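Enquirer: Line order of the protein sequences matches chains A and B. For the first sequence, this note's numbering assigns the number 21 to the initial residue and increments by one for each residue that follows. For the second sequence, this note's numbering assigns the number 60 to the initial residue and increments by one for each residue that follows.
By construction, these hints were calculated from the structure, which means they are not laboratory data. Note that the structure is predicted; figures quoted are calculated from it, not measured. Wrong hints could be hidden among the right ones.
[Claimed, not checked] Here are the simulated lysine-lysine pairs, DSSO-like style, with alpha carbons at most 27 Å apart:
hint : chain 1 : residue 1 : chain 2 : residue 2
1    : B       : Lys129    : B       : Lys110
2    : A       : Lys42     : B       : Lys95
3    : A       : Lys77     : A       : Lys35
4    : A       : Lys77     : B       : Lys95
5    : A       : Lys72     : A       : Lys35
6    : B       : Lys95     : B       : Lys116
7    : A       : Lys77     : A       : Lys33
8    : B       : Lys116    : A       : Lys77
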Amino acid sequence: AAGVIQSPRHLIKEKRETATLKCYPIPRHDTVYWYQQGPGQDPQFLISFYEKMQSDKGSIPDRFSAQQFSDYHSELNMSSLELGDSALYFCASSLVASGGLPSYEQYFGPGTRLTVT
Amino acid sequence: GQQVMQIPQYQHVQEGEDFTTYCNSSTTLSNIQWYKQRPGGHPVFLIQLVKSGEVKKQKRLTFQFGEAKKNSSLHITATQTTDVGTYFCAGGGFQKLVFGTGTRLLVSP
Numbered sequence: 021a022a023g024v025i026q027s028p029r030h031l032i033k034e035k036r037e038t039a040t041l042k043c044y045p046i047p048r049h050d051t052v053y054w055y056q057q058g059p060g061q062d063p064q065f066l067i068s069f070y071e072k073m074q075s076d077k078g079s080i081p082d083r084f085s086a087q088q089f090s091d092y093h094s095e096l097n098m099s100s101l102e103l104g105d106s107a108l109y110f111c112a113s114s115l116v117a118s119g120g121l122p123s124y125e126q127y128f129g130p131g132t133r134l135t136v137t
Numbered sequence: 060g061q062q063v064m065q066i067p068q069y070q071h072v073q074e075g076e077d078f079t080t081y082c083n084s085s086t087t088l089s090n091i092q093w094y095k096q097r098p099g100g101h102p103v104f105l106i107q108l109v110k111s112g113e114v115k116k117q118k119r120l121t122f123q124f125g126e127a128k129k130n131s132s133l134h135i136t137a138t139q140t141t142d143v144g145t146y147f148c149a150g151g152g153f154q155k156l157v158f159g160t161g162t163r164l165l166v167s168p
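Bound conformation, chain A alone (with noise of 0.2 Å):
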């Protein structure tokens, strides 16, 4: 079966560089996640699309924007990049509006792994 798939798997930046991490959901799925997990952290939310409408928005820092394309992929751009923001990037992307009772089970892509130095 088609799983999330992500790119790059690898990224490494200098402090105040930019980057932009991709995400490509499963076929049909119409709704897409971005978290950020630090080492030994559990996954913080930053923000996430419907329809290609953004749908909510958590700790994500103004240097950061997204955006989901009429494909349905998206792009994670971050800016003026920080030591602090070295972690683990994931998307995950989920089917909503089955039709039937709701069900918020999220795929989880292999992540992103971003290293600022």
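Given chain A, put chain B in place with the hints provided.
Expert: Same frame as chain A, now just chain B:
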């Protein structure tokens, strides 16, 4: 904001022993989900509980949702080395998940 705590933070058991992690939310949850994350891996969905007092089983795993829908537990019977990982509970609706602090399980053969 909503906070979800889990205890214990870490548990080391011998293979064959039982294991339980507890999840407590500061607010009432519409549903609770459980995820497992292997070392170096990504969270993998295990189960979703929706009803007050609900109990679900998956082989050696038993999940329970509290009557007040503010707490939950995951119990593993007779742990195996393949159970190693961090177990997260998570609450929320379709817009986002608020993850618990996680319980890291280590199983020695």
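Enquirer: It remains to establish, for every hint, whether it holds in the given structure.
Expert: Hint check:
| no. | hint | result |
| --- | --- | --- |
| 1 | B:Lys129 x B:Lys110 | holds (11 Å) |
| 2 | A:Lys42 x B:Lys95 | holds (24 Å) |
| 3 | A:Lys77 x A:Lys35 | holds (25 Å) |
| 4 | A:Lys77 x B:Lys95 | holds (24 Å) |
| 5 | A:Lys72 x A:Lys35 | violated (30 Å) |
| 6 | B:Lys95 x B:Lys116 | holds (15 Å) |
| 7 | A:Lys77 x A:Lys33 | holds (25 Å) |
| 8 | B:Lys116 x A:Lys77 | violated (33 Å) |
Figure legend: structure checked against the earlier numbered hints; hints not met, in rising order: 5 and 8.
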